[in-house]
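2 protein chains.
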Amino acid sequence: MVSIRPSVRQTPAYVPGEQPQTNDFIKLNTNENPYDPPAQVLAAVAAELPKVRLYPDPVSTQLRQAAADLYGVQLNQVLAGNGSDDILNIVVRTFVDPGEIVAFLDLTYSLYETIASVHGAKVQKIATDANFDLTGPVICPGAKLIFLASPNPPKGKHLKREFLWQTCAQAEGVVVIDEAYGDFSDEDHWDFLQEFDNVIISRTLSKSYSLAGMRVGLAIAAPTLIEEMDKVRDSYNLDRVAQALGTAALRNQAEFVPLWQKVRSTRTRLMAQLAKLDFQVCPSDANFVFAAPRWIAAADLYQALKEKKILVRYFNHPRITNYLRITVGTDAEIDQLLSAIASLKGSLE
Amino acid sequence: MVSIRPSVRQTPAYVPGEQPQTNDFIKLNTNENPYDPPAQVLAAVAAELPKVRLYPDPVSTQLRQAAADLYGVQLNQVLAGNGSDDILNIVVRTFVDPGEIVAFLDLTYSLYETIASVHGAKVQKIATDANFDLTGPVICPGAKLIFLASPNPPKGKHLKREFLWQTCAQAEGVVVIDEAYGDFSDEDHWDFLQEFDNVIISRTLSKSYSLAGMRVGLAIAAPTLIEEMDKVRDSYNLDRVAQALGTAALRNQAEFVPLWQKVRSTRTRLMAQLAKLDFQVCPSDANFVFAAPRWIAAADLYQALKEKKILVRYFNHPRITNYLRITVGTDAEIDQLLSAIASLKGSLE
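Protein chains in written order, with this note's numbering: chain A, 1 to 349; chain B, 1 to 349.
Bound-form chain A, shown alone:
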């Protein structure tokens, strides 16, 4: 019998959101952007197809340069990942030996725990209050790595900036600020990079740049950190088409900004309407809304909506068993969702 590494054997498999490969669902469950990338971004693919037999640029130079230009940093401060999940994985494997501590909030993006556990790291969960918020900076002696998502799922609010700053100042190891949803708010943490040499900002093009299907992530940090992370990275981790689409997306940021504004105004409307439909609604800085219906079990509502071909996200986790996470879709999709909820609610009254 083959022996499996204990840390792997003992870790339950990560369960990603449902990804039906059919088109018959209104898909509001995994925080994709409801709007396609503009045509000039998709046009970047054509130049790559005649070259698929050739290896891609191993270090994704064009993509990283586009990111460096956009974010006002140097090329050697940018690492490209096969999605930001690849970035998170690389960070763990660069800075943490098995047995050492990785810290993150209870609750947050659940992949942090999977990646840390598979690696054999010790997991330390930082308590949050009843609103899933920090009550102070994260103080975690000995932690080699602290993951902090801001906006933080499942709620989608930014963590308090002052607590983040104090966390970075006091951390003994690396702090990753995961800004996967950053473009849907006015807040960012680029200034942290000027102050701290232990901060890595992680970004993804999956949500704000409508490229979830293409797996493009970025890490931005001090060159000394990027250089070591680069050794852990698979040398050809981004294919030609992903590099081309990612580069074109960042170079065409101006085309995406109105889409983010649209998502934000739909978000405002969704929150207001859910409140009217007797949900407890959490404020959101992301492209999703976390809300708890007061008149039905969340699991039942999830199931009833699914039967109506509307997919939202339900987490079977004790702290949030009453909540649903709803991705901000198009206005038309949100209208269908709201009317489905209203009709279910009516039928129960």
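Calculated from the structure, these hints are not laboratory results.
Computed from a predicted structure; not experimentally measured.
Some hints here could point you the wrong way.
Since the list can't tell identical chains apart, any single copy or any two copies may satisfy a pair.
[Stated by the list, open to error] Calculated cross-link-like contacts (lysine to aspartate or glutamate; reagent style DMTMM-like; alpha-carbon spacing at most 25 Å):
| id | residue 1 | residue 2 |
| --- | --- | --- |
| 1 | K122 | E100 |
| 2 | K306 | D57 |
| 3 | K262 | E187 |
| 4 | K308 | D24 |
| 5 | K345 | D331 |
| 6 | K122 | E228 |
| 7 | K51 | D24 |
| 8 | K51 | E307 |
| 9 | K51 | E18 |
| 10 | K308 | D57 |
| 11 | K122 | D230 |
| 12 | K157 | D331 |
| 13 | K160 | D191 |
| 14 | K51 | E333 |
| 15 | K309 | D57 |
| 16 | K262 | E333 |
| 17 | K122 | D97 |
On the provided structure of chain A, position chain B as indicated by the hints.
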């Protein structure tokens, strides 16, 4: 100062082959297929572009099913990787704890050492004879993982089947048979899977399926191994376009077979001509030829060819300092290479 994991800090960065992003080289240095994939394979991209905003199938079902059908195995025996480098990396992280032994030949694909070292594994190199061949089965007590490439670079010959079989029978851990170049020969090792539950066969679509630019790799093994490897895999490790192109390539294998035959006949001609040009030529089962010029230092020939815009691979490694590795290009490319070599040789006489 941030602390880097010792195994990472101490590992030198892997150096991939040169990938000039211009078109002015005859590129015979990184074993790409000289022929583009057929049009019906490339056509698979069109259906994906309208869906790039949506996450891909996290488990690459279509691609894995195409592989299962082609290789006569079950779906749960196939894992899809972001290139076979991703597969190799996943294998190390699934079966080897830091400090445990990973074994491979001296010489072979140099990435095995990088991946094992970054992970903090103990590296054990198995001696080969003067012809870079095995002298018997690999006996390596305690090794959790043995990497064996067949055909084995840098020479490109299959390892002796009997020795491979005995290695698998005696191994205490997992044996990866890396068949990256398998399609350019008549030999394979599928029958090993029937006999041994500790064998993983690794395949890539980079070479034989002309998709180096797209990063598609496969692992085929017992379901019990695949299930654990799947936990280590990034959940969305293959983007939509890579999955679609990989699936279409495998489903259109018949279109590729004549290209492999062409490569093999060009290989035969290249080997014969290099011998006439006073090279010591190694026999090859792959899409490259490993050969040592008797009349010039290999490093000098590499440089002289590069000045003529012909890229071949030179390894600055003590055992092979007299050799060049030449990818089998089109007949026209190989003619240009041979005539450049002949003219250099003439100018020295």
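Comparing the hints with the structure gives:
no.: 1; hint: K122 - E100; in the structure: both (6 Å within a copy, 20 Å between copies)
no.: 2; hint: K306 - D57; in the structure: between (42 Å within a copy, 19 Å between copies)
no.: 3; hint: K262 - E187; in the structure: within (17 Å within a copy, 57 Å between copies)
no.: 4; hint: K308 - D24; in the structure: within (10 Å within a copy, 57 Å between copies)
no.: 5; hint: K345 - D331; in the structure: within (21 Å within a copy, 72 Å between copies)
no.: 6; hint: K122 - E228; in the structure: both (22 Å within a copy, 20 Å between copies)
no.: 7; hint: K51 - D24; in the structure: between (35 Å within a copy, 14 Å between copies)
no.: 8; hint: K51 - E307; in the structure: between (44 Å within a copy, 23 Å between copies)
no.: 9; hint: K51 - E18; in the structure: between (33 Å within a copy, 16 Å between copies)
no.: 10; hint: K308 - D57; in the structure: between (45 Å within a copy, 22 Å between copies)
no.: 11; hint: K122 - D230; in the structure: both (24 Å within a copy, 21 Å between copies)
no.: 12; hint: K157 - D331; in the structure: within (22 Å within a copy, 60 Å between copies)
no.: 13; hint: K160 - D191; in the structure: within (15 Å within a copy, 59 Å between copies)
no.: 14; hint: K51 - E333; in the structure: between (38 Å within a copy, 17 Å between copies)
no.: 15; hint: K309 - D57; in the structure: between (41 Å within a copy, 19 Å between copies)
no.: 16; hint: K262 - E333; in the structure: within (13 Å within a copy, 53 Å between copies)
no.: 17; hint: K122 - D97; in the structure: both (10 Å within a copy, 15 Å between copies)
Hint compliance for this structure: every hint is met.
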